[in-house]
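Below, each chain spelled out in residue letters.
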Amino acid sequence: MKFNVEVRIKLKKGMLNPEAATIQRALALLGYEVENTNTMDIITFTMEEDNKRKVKEEVEDMCQRLLCNPVIHDYKINIKPED
Amino acid sequence: MRVGVIRFPGSNCDRDVYHVLKLVGAKPEYIWWDRKDLGHLDAVIIPGGFSYGDYLRAGAIAAITPVMDGVKGLVEEEKPVLGICNGAQILAEVGLVPGVFTVNEYPKFNCKWTKLKVKTIRTPFTSLYKKDEIIRMPIAHAEGRYYTDNLEKLWDNDQVVLQFYSENPNGSLEGITGVCDESGLVCAVMPHPERASEAILGSADGIKFFKGIIEYISRC
Chain B
1 MKFNVEVRIK LKKGMLNPEA ATIQRALALL GYEVENTNTM DIITFTMEED NKRKVKEEVE
61 DMCQRLLCNP VIHDYKINIK PED
Chain Y
1 MRVGVIRFPG SNCDRDVYHV LKLVGAKPEY IWWDRKDLGH LDAVIIPGGF SYGDYLRAGA
61 IAAITPVMDG VKGLVEEEKP VLGICNGAQI LAEVGLVPGV FTVNEYPKFN CKWTKLKVKT
121 IRTPFTSLYK KDEIIRMPIA HAEGRYYTDN LEKLWDNDQV VLQFYSENPN GSLEGITGVC
181 DESGLVCAVM PHPERASEAI LGSADGIKFF KGIIEYISRC
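Taken in order, these protein sequences are the chains called B and Y.
Using our numbering, read the first sequence as starting at 1 and increasing by one per residue.
Using our numbering, read the second sequence as starting at 1 and increasing by one per residue.
Where hints are given, some of them may not hold.
Claimed, not checked - Simulated crosslink set (DSSO-like; lysine-lysine; CA at most 30 Å straight-line):
hint, chain 1, residue 1, chain 2, residue 2
1, Y, Lys108, B, Lys13
2, Y, Lys72, B, Lys10
3, B, Lys2, B, Lys56
4, B, Lys12, Y, Lys131
5, B, Lys12, Y, Lys72
6, B, Lys76, Y, Lys108
7, B, Lys12, Y, Lys108
8, Y, Lys112, Y, Lys131
What the hints assert, rightly or not - Computed spacing ranges between beta-carbons, pair by pair:
hint, chain 1, residue 1, chain 2, residue 2, range
9, Y, Lys153, B, Asp61, 20 to 30 Å
10, Y, Lys153, B, Thr37, 26 to 36 Å
11, Y, Pro9, B, Phe45, 21 to 31 Å
12, Y, Glu182, B, Arg53, 17 to 27 Å
13, Y, Glu29, B, Arg8, 41 to 51 Å
14, B, Leu29, Y, Glu215, 49 to 59 Å
Note that these hints are calculated values from the structure, not bench results.
Since this is a predicted model, take the numbers as computed values, not measurements.
We put the beta carbon where it would ideally sit given N, CA and C, even for glycine.
Extracted from the complex, chain B is given alone in its bound form:
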């Protein structure tokens, strides 16, 4: 069975996000006063696996071993069976 996987990676709460701060300053230059600007990385891929539980286990492993740095990142995994 094929699954669509989406991993959303963002900096832990309280971590400085220089990219978001720069974007917020640039928006202010255009006259848009916004707050709490944040950015995140989204990694998507498809996986062939027997069931959703196995996909979840493997993607958790990927996040721990490569996709995220646990010192600074939080992540969220979304898995959907491919239509």
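Guided by the hints, dock chain Y onto chain B, whose structure is given.
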């Protein structure tokens, strides 16, 4: 004294490190990322550059290559390991030193001479300096801001190696820009000692990093 210089696709300070190792009388050897057998080496240096284009995060992909298993083996054998710039990011990603080197506070590539304070002289690389000695070495990075979630432990264990002096050009926590593991044998520094190892370059303050390796190996 055989000192390995690890090369990844995107390394670009490998030849500089090789050159300085020869200057101090070591026998340098290039080691490609897919080699695991490093047992013949007395020490290893992971030079600067942009391994794998810094994709994902600086050092993240290099951290999972076979050669890093070889490096872990050397660490178990208590042989000195030095990571410079991208090498420091890789050592942090592998978890051989605590914390992380992430995007600069002002998010641009920052290349300039800096003044640094040597905070510990218990590592082989800093053993020839005086504690709190002020030295000059250049930095050249976009992801060098040091962060750890356990700062107290870092200071308690004497694991801070270098601190920026008089300015903090990347926003590192307490200006920390070099850390080591608990043993002091694995050391990760963002500034480039190899670019400050000959007077003609503007400073020779960095050469003691390499002389320190030689002295440590000859004592063992």
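Hints and how they fare:
no. : hint                           : verdict
1   : Lys108/Y / Lys13/B             : holds, 23 Å
2   : Lys72/Y / Lys10/B              : holds, 29 Å
3   : Lys2/B / Lys56/B               : holds, 13 Å
4   : Lys12/B / Lys131/Y             : violated, 35 Å
5   : Lys12/B / Lys72/Y              : holds, 28 Å
6   : Lys76/B / Lys108/Y             : holds, 28 Å
7   : Lys12/B / Lys108/Y             : holds, 21 Å
8   : Lys112/Y / Lys131/Y            : holds, 24 Å
9   : Lys153/Y / Asp61/B: 20 to 30 Å : holds, 27 Å
10  : Lys153/Y / Thr37/B: 26 to 36 Å : holds, 32 Å
11  : Pro9/Y / Phe45/B: 21 to 31 Å   : holds, 22 Å
12  : Glu182/Y / Arg53/B: 17 to 27 Å : violated, 38 Å
13  : Glu29/Y / Arg8/B: 41 to 51 Å   : holds, 43 Å
14  : Leu29/B / Glu215/Y: 49 to 59 Å : holds, 54 Å
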